[in-house]
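Trainee: Below, each chain spelled out in residue letters.
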Amino acid sequence: MSAGRDVAMIPDARPPLVAMRGISKRFGPVQAVADVDLSVAAGDILGLLGENGAGKTSLMNVLFGTYAADAGTIEVDGRPVAIRSSADALAVGIGMVHQHFELVPRHTVLENLLVGRAGPDGRLTRAAALERLARIGCDYHLELDPDRLVGDLAIGEQQRVEIAKSLVRGARILVLDEPTATLTPREAEGLFRALRSMAARGMGVIFISHKLGEVLALTSRIAVMRHGRMAAERANDGSLSKPELARLMCGRDLAPPEKPAMAPGAPLLVLDRVSARGRVPLRDVSLALREGEIVGIAGVSGNGQRELADLVAGILPPASGTIAVAGRAVPDPSPRRMQALGIGRVPEDRLTTGMIGAMPLSESMALPWIDEPPFSHHGVLDRRAIRAFAAAGIARFDIRTSGPDARTGTLSGGNLQKALLARELARGPRILLAAQPTRGIDVGATEFVHAQFLALRRAGGAVLLVSEDLEELFALSDRIAVMYAGRIVADLPIGEASVERVGLLMAGVEERAA
Amino acid sequence: MIRVRLERREVTPAWLQVAIPIASVLVTLVLCAALVRAAGADVIEAYRILLLSTFRSGYDVQDTLVKAAPLLFTGLAVLVAFRAKFWNIGAEGQLMAGAVAACFVGERTFLPAVSLVPLMIVSAALFGALWALLPALLKVRLKVDDVVTTLLLNFIMLYGVTALLEGPWRDPKSGYPNAPSVRIEAEFPLVPGLGVHLGVALALAAALLVWWMMSRTTLGFRIRAVGHNPAAAAYAGIGVGRVILTAALVSGALAGLAGAGEVGGVRFQVTSDLSSGYGYAGIVVATLAELNPLGAVPAALFFAIVFNGAGTMARATGVPIYLADVIQGVALVTMVAGRLFATYRPRLVRPLAPAPAPGPEATPSPLAGRGGGVAAEGR
Chain A
1 MSAGRDVAMI PDARPPLVAM RGISKRFGPV QAVADVDLSV AAGDILGLLG ENGAGKTSLM
61 NVLFGTYAAD AGTIEVDGRP VAIRSSADAL AVGIGMVHQH FELVPRHTVL ENLLVGRAGP
121 DGRLTRAAAL ERLARIGCDY HLELDPDRLV GDLAIGEQQR VEIAKSLVRG ARILVLDEPT
181 ATLTPREAEG LFRALRSMAA RGMGVIFISH KLGEVLALTS RIAVMRHGRM AAERANDGSL
241 SKPELARLMC GRDLAPPEKP AMAPGAPLLV LDRVSARGRV PLRDVSLALR EGEIVGIAGV
301 SGNGQRELAD LVAGILPPAS GTIAVAGRAV PDPSPRRMQA LGIGRVPEDR LTTGMIGAMP
361 LSESMALPWI DEPPFSHHGV LDRRAIRAFA AAGIARFDIR TSGPDARTGT LSGGNLQKAL
421 LARELARGPR ILLAAQPTRG IDVGATEFVH AQFLALRRAG GAVLLVSEDL EELFALSDRI
481 AVMYAGRIVA DLPIGEASVE RVGLLMAGVE ERAA
Chain B
1001 MIRVRLERRE VTPAWLQVAI PIASVLVTLV LCAALVRAAG ADVIEAYRIL LLSTFRSGYD
1061 VQDTLVKAAP LLFTGLAVLV AFRAKFWNIG AEGQLMAGAV AACFVGERTF LPAVSLVPLM
1121 IVSAALFGAL WALLPALLKV RLKVDDVVTT LLLNFIMLYG VTALLEGPWR DPKSGYPNAP
1181 SVRIEAEFPL VPGLGVHLGV ALALAAALLV WWMMSRTTLG FRIRAVGHNP AAAAYAGIGV
1241 GRVILTAALV SGALAGLAGA GEVGGVRFQV TSDLSSGYGY AGIVVATLAE LNPLGAVPAA
1301 LFFAIVFNGA GTMARATGVP IYLADVIQGV ALVTMVAGRL FATYRPRLVR PLAPAPAPGP
1361 EATPSPLAGR GGGVAAEGR
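Chains as they are written, first to last, in my numbering: chain A, 1 to 514; chain B, 1001 to 1379.
If you're looking for bench data, these hints aren't it; they were derived computationally from the structure. Since this is a predicted model, take the numbers as computed values, not measurements. Careful, some of the hints might be misleading.
As the list claims (entries may be wrong) - Example chain B residues on the side facing chain A (calculated, C-beta under 8 Å, incomplete):
# : residue
1 : Val1004
2 : Arg1005
3 : Ser1053
4 : Lys1143
5 : Pro1168
6 : Tyr1235
Stated by the list, open to error - Listed next, with one range per pair, are the computed distances between beta-carbon atoms:
#  : chain 1 : residue 1 : chain 2 : residue 2 : range
7  : A       : Glu372    : B       : Leu1190   : 44 to 54 Å
8  : A       : Gly403    : B       : Trp1015   : 42 to 52 Å
9  : A       : Arg384    : B       : Ala1014   : 41 to 51 Å
10 : A       : Ala71     : B       : Ala1342   : 21 to 31 Å
11 : A       : Gly278    : B       : Gly1239   : 12 to 22 Å
12 : A       : Gly278    : B       : Leu1152   : 33 to 43 Å
13 : A       : Asp147    : B       : Ala1014   : 46 to 56 Å
14 : B       : Asp1063   : A       : Ala71     : 54 to 64 Å
15 : B       : Tyr1059   : A       : Glu372    : 50 to 60 Å
16 : B       : Ala1014   : A       : Ser301    : 50 to 60 Å
The C-beta atom is built at its ideal place from N, Cα and C for all residues, glycine as well.
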């Protein structure tokens, strides 16, 4: 139990804020968490790493009372506690910020803080909440305007509301599940500042992320889970490196993506001043994607990237402008037509638009081609061919599942993404549309996905990579186009793009015409 | 304190697909036992008559099969629609549309006698399908709620037919508000050896055909895909609206065939009480079958047994015949509730650590001294 030793101010005698001991949790045949110890001392920022399915989320769900552990105990301040619901967790001071916020968009910040608020002395009053919010704001760099509607706030601000919600309820241990997945670099910096000031004031933070760089920069200790067990737990004292963490997570070394220089060839996909309706209307979007090229689309979430991806997928019809594929204008794009023109399409939501959770994996993988041989003949399914196709994809892409008959929804995010890629790459597309292809998936799967993109690029294909992960965009792209408010505000060769420049463009800071 | 809590299942075991309907029927019978008691009858005796009187004689078995046929047709109609998330509550009206078409064709004197039965069947399916197409079009084109439209179209059909029977279509011979009887040649032949009319065999064939369609054809695949996830289906290039319309046509045709069977095999004319709720019972049949076409066969048989046995039970024990309707309703509720266990697993939960003291007051909150505003842990 060395938790206290890393932070000099905390004497060893004091019990950790929270200690989980011998936690085990099994789902049917799967041992999700096996005999795991984890503790967080006051002032600790613990980075919790692991591949998808390593058990991080299950462990945190046990801590937060969502699941009951099969075995093990939890202590808070050295005292055993029974956590059977999120209310229990909050009552002992454990707060959790989920990936998907649990906020009411039509209510103000203050109203969101007051929702469901029950203390020992009855309801929290408005005045008291305002006062606490103000104190939290200045203590932890979490400034919030209490009267604004949550729906009007940027993602980063909404996240601050989520954090404030936990703090107002007296949380001293804060668990954040991939908090930076949807933030701009600047917003992420703000979050880190807030978390550091919380730790400095004696709180404990558990930070779950797949982004090794930020884990190394932020945390004081790093715990790595693998196959449900605690694989390693180290002080983050400068001795750890990204490759080493990756090795601890995957149990093997990861190779950095190899991107040989290539001269781009003929244009494959050309958008010429395309406008389209949508939640964020696209306005005069022009873009060219050439053979042997990966074009990255950067932007803060909700600036038209989703609409651009839907447009290329054929699901969003253009209102004006033209789309041309391989030099030919596509007069009436539809999912079918785009597919037929050799565009592989990997949508942002793997389970809501990509595959069908309730169907067997084999059927999800045959979904776009079900009308064609070998999957069907004259309207009758060839179930053997459907299963064989899935089995081939599972083998080739090393998809971890019980087999082609597994319900699609039971696959983890990384494996779903592999299955989706296997499906979309199977017919040898020239163009691949990939929207947020590595969001929420682990380093091993990410490496694999990136390798597929680079292989397609080497073969003379093109990839349109829509991502909110700048590290990914910079590692893979030949050009980076930045979207802001439904427009492409810059289209930069990778050599002219820097994180700072792209970050400013993403935030809507205009550049003088070059 | 031990509590029961529900946890999401990763996989639904296959045996549950069979166990849940059986269990919900048993729970239904237990719940309804209170009503049997209230009616002053012996529960075991009443249920014995209710469930076993079907098997007393060959005639009773035939009667049950004849009752099961429309239940099977409407059950199949509902499950095809529900698979596509087209909430067709209108099998009752579609059955009636089919019955009207079958009866009208069956009365035509200019048609060759041999063509009557096939024409009745085809026209009943066609009219049932058209009556279902209307709400489906409203849903697909104008996003009008299908539950409301399909339900209300039942009454439009029922009262429209009643108005016809009171007026222009009234049987001139009897003077009753019934349609004239169909020609003798239009009466459905009996299935050799079984003594039940052709409609019963058609219903069974339809169950097999629907099963094949749903699991082995691209149409069934598309219906399932659209029902599970229309967004993913559309993204993959499936025309969601067309699939819903097709499912509605198939659904309405199946319900229309139930009407053909009632006219051609049982009543030989249209009456306003022709259906007696088969369309609504079809929803229960489909639910009990868990939208599985083969499961609809035992589900339809079960309700046919209950409907048939209820009369005998009423005469023998004095329990009102309406118990059959109550069972139908309660079975729907227990089945829907039982489906929960397909997705969630009940678990007994003990506290992780032994509770330190009996009362919640005695459990000091770790934060009590900090004024952090926390609730005591007990509830």
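Trainee: Against each hint, give a clear statement of whether it holds in the structure.
Mentor: To see whether the hints hold, each was checked on the structure:
1. The restraint placing Val1004/B at the interface with chain A is violated, with a minimum CB-CB distance near 11 Å, outside the 8 Å limit.
2. For Arg1005/B, the shortest C-beta to C-beta distance to chain A is roughly 7 Å, which falls under 8 Å, so the interface hint holds.
3. The closest approach between the C-beta of Ser1053/B and any C-beta of chain A is roughly 40 Å, which is over the 8 Å cut-off, so the hint fails.
4. Proximity of Lys1143/B to chain A is violated relative to the hint, the smallest CB-CB distance being about 17 Å (cut-off 8 Å).
5. For Pro1168/B, the suggested interface contact is broken, since its CB lies about 43 Å from the closest CB of chain A, more than 8 Å.
6. Because the smallest distance between the Cβ of Tyr1235/B and any Cβ of chain A comes to about 5 Å, under 8 Å, the interface hint for this residue holds.
7. Separated by about 46 Å at the C-beta atoms, Glu372/A and Leu1190/B satisfy the suggested range of 44 to 54 Å.
8. The given range of 42 to 52 Å is broken by Gly403/A and Trp1015/B, whose C-beta atoms sit roughly 20 Å from each other.
9. Restraint check, Arg384/A to Ala1014/B: a C-beta distance of roughly 21 Å breaks the suggested window 41 to 51 Å.
10. Range check, Ala71/A to Ala1342/B: about 27 Å between beta-carbon atoms, so the 21 to 31 Å window is met.
11. Checked against the given bound of 12 to 22 Å, the beta carbons of Gly278/A and Gly1239/B, roughly 21 Å apart, stay inside it.
12. At roughly 35 Å, the beta-carbon separation of Gly278/A and Leu1152/B lies within the given 33 to 43 Å, and the hint holds.
13. For the pair Asp147/A and Ala1014/B, the supplied restraint of 46 to 56 Å holds, since their beta-carbon distance comes to about 55 Å.
14. One distance hint, 54 to 64 Å for the beta-carbon pair Asp1063/B and Ala71/A, holds here, with the actual separation near 59 Å.
15. Against the hinted window of 50 to 60 Å, the Cβ-Cβ separation of Tyr1059/B and Glu372/A comes to about 53 Å, which satisfies the hint.
16. Judged by the Cβ atoms, the range 50 to 60 Å given for Ala1014/B and Ser301/A is violated: they are separated by roughly 41 Å.
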